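Based on the provided sequences and hints, a complete structural model is requested.
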Amino acid sequence: MHDVPDNFDINLTEISKIEGSASLEVKIRNKKIEDLKFSISEWKRFYTQAIQGKPAVAVPQLVARICGTCSNAHLLCSIKTVEKALGIIPSSQTMLLRRLIYNGLIIRDHALHLYIFALPDLYNKNSILDFDENDPLQKQLLEDTFEIKEVGNRLSKIVGGRSVHAPYPTIGGFLTYPHIQELKNLRDTLIAVRPKIFRLIEIFAKSSFSLSLPNIIFNGLSSQDYSFLTGQLVSSQGNILPEERMSEHVEAVVIPYSHARGFTYKGSTMMVGALARINLYKKSLHAKTKADTKMYLDLFPSYNLFHNNLAQALEILHVIDTSSEIIDGISTITSEEKIPVHPKQSVGVGVIEAPRGTLYHKYEIDDNGIVQKGEIIVPTGQNQVLMEKSIHILLESLLKKDTPKEQIILEVEKLIRAFDPCMSCASHFLKVKWS
Amino acid sequence: MADKIRVGWFTFTCCEDSTIIFTELLNSYYRDWMKKIDFVHAKILRKDSYSELQPMDLAFVEGAITSDTQEVKLKKIREKSKKLVAIGACAVIGSPSNQRNFFNPKQHEQIQSILEKFKYKDKVLKLSDIVVVDENVPGCPMDEVGFLNILNKYINSQLVYPEP
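First to last, the sequence lines map onto chains A and B. Start counting the first sequence at 1; every next residue gets the next number (our numbering). Start counting the second sequence at 436; every next residue gets the next number (our numbering).
No lab work stands behind these hints, which were simulated from the structure alone.
Selected chain B positions facing chain A (in silico; Cβ < 8 Å):
id	residue
1	THR448
2	CYS450
3	ASP452
4	THR454
5	MET469
6	ARG481
7	LYS482
8	ASP483
9	PHE553
With a straight-line cut-off of 20 Å between C-alpha atoms, the simulated PhoX-like cross-links for lysine-lysine are:
id	chain 1	residue 1	chain 2	residue 2
10	B	LYS478	A	LYS125
11	A	LYS27	A	LYS389
12	A	LYS139	B	LYS471
13	A	LYS414	A	LYS389
14	B	LYS482	A	LYS125
15	B	LYS510	B	LYS558
16	B	LYS508	B	LYS478
17	B	LYS478	A	LYS414
18	B	LYS471	B	LYS517
19	B	LYS554	B	LYS510
20	A	LYS27	A	LYS400
21	B	LYS515	B	LYS478
22	A	LYS405	A	LYS37
23	A	LYS125	B	LYS470
24	A	LYS288	A	LYS196
25	A	LYS389	A	LYS31
26	A	LYS414	A	LYS206
27	B	LYS482	B	LYS515
28	B	LYS482	A	LYS414
29	A	LYS389	A	LYS400
30	B	LYS518	B	LYS439
31	B	LYS439	B	LYS517
32	A	LYS37	B	LYS554
33	B	LYS588	B	LYS471
34	A	LYS37	B	LYS552
35	A	LYS31	A	LYS401
36	B	LYS482	A	LYS405
37	B	LYS511	B	LYS482
38	A	LYS32	A	LYS401
39	B	LYS541	A	LYS373
40	A	LYS344	A	LYS54
Computed from a predicted model, the values in this text were never measured in an experiment. Think of the CB as a built atom: it goes at the ideal place given N, C-alpha and C, for glycine as much as any other residue.
See below:
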């Protein structure tokens, strides 16, 4: 039995190894949680205001700056939104190239989270840079970390021009087209890193970290080819919706102490992201991925929140298999003229699956092509209510076991990291009256 | 072997794109940097081992300043660092994080309650509005070559704290 005080406070002002800024305040009195506040402490930059009055064609590159790590998700979601508003249908080549940029993002972003943020917790290390190079497995994982991230980085750079705020994709096509030989050269590298991803999958599958919460509603944008960029909204309750109607079914919740709004799904606690996607439509993963990971996919559907890490590792393999197949299928890349833009009064809704879950952009555009109003719903906002709830449940269980304060902090941080929250994205404007 | 250079990486209000570029540069340089750099503060890479800011040879600071608490922290970083480098457009010129500085009255009215509740500054500031900045790495995201040039310049230098 540990000597644990009856009363203590936890005050984490800057949670490390996550994207952006979040904080946690807890008051324990008589070994019970008297107060718990998980808040997104990122200062707002008011993008939904800033796009008002700007030409719709200029908005995608601006909103890419909402978030560094998810920038290409915002960029492609915004392009999709404007194209839908203006009736622009991108060519099949454009869609394939966008998918490759996006696959690069999924590799790079999931790898950043899994290797740099989450993996050190499994090895009781503070940082991936502290891994012991005299230990063969740790040395290998250190090398894997930067090799895998670089593959994703490279894929996005070849097709998009840069791994963040990609300059090549635009409304109606591409400004610059990739060299096919560079893509073909990358294909063998994609195949070569598969064993490293299996190693990652196995590590997260064997991890003992666990917190299962029944009654979570999982939501995601499902397509037959698990493309992240197209599809229809599905939920674990069996509902299927066109993407245009997403805002009807998620309800904003004001969290007074947080800079960001939370969301519920018809009043119930919801989750989006890799765990939701694999739970909802693992059958749509690439055939090669499914064949090689059956024993791990059998763990899903899962209500263990730490399986979000495993789900991300499986998604890395899926996008590697998808990308190599797409590259194999491309014989030439044509420098297509981009489709011209003709402004008109319209409303566009674009929904994609960002690395951390469903991302929604909506723009109201006037006759001159100027945005009059915008709305953006991001994944971390949709998970915020569940995050706080799950921290509460974990904390109660740790208190019952007389867990020392320092260990409680560590366990809570592991759980927060498992969500892979993105605070830069999450702090968005909502007009509310603060009491 | 020479002592490692003590480096801090800090982020204020921005999209953290330069932090992502920094983590991508690690793909190529991590072995070299592990030998030469002690990342004293870099919350993207590790949890701080210290309750207070530590002395640093080089502080890389990303993002604009939008609250008084951020201003206080930036001044502390300046005090503790021999050289302070502004990283990326928001740190160097304030944009695009300072877009609310240019809002029209209608837009400003929409955000006023939030500014008041969370005690935002009246205007978003670039770093040099508050502290002395020794070097700038502009770009959105930062220019990788510019960053590497500055890092390499200081890795082998004997640095001293600025005159008060």
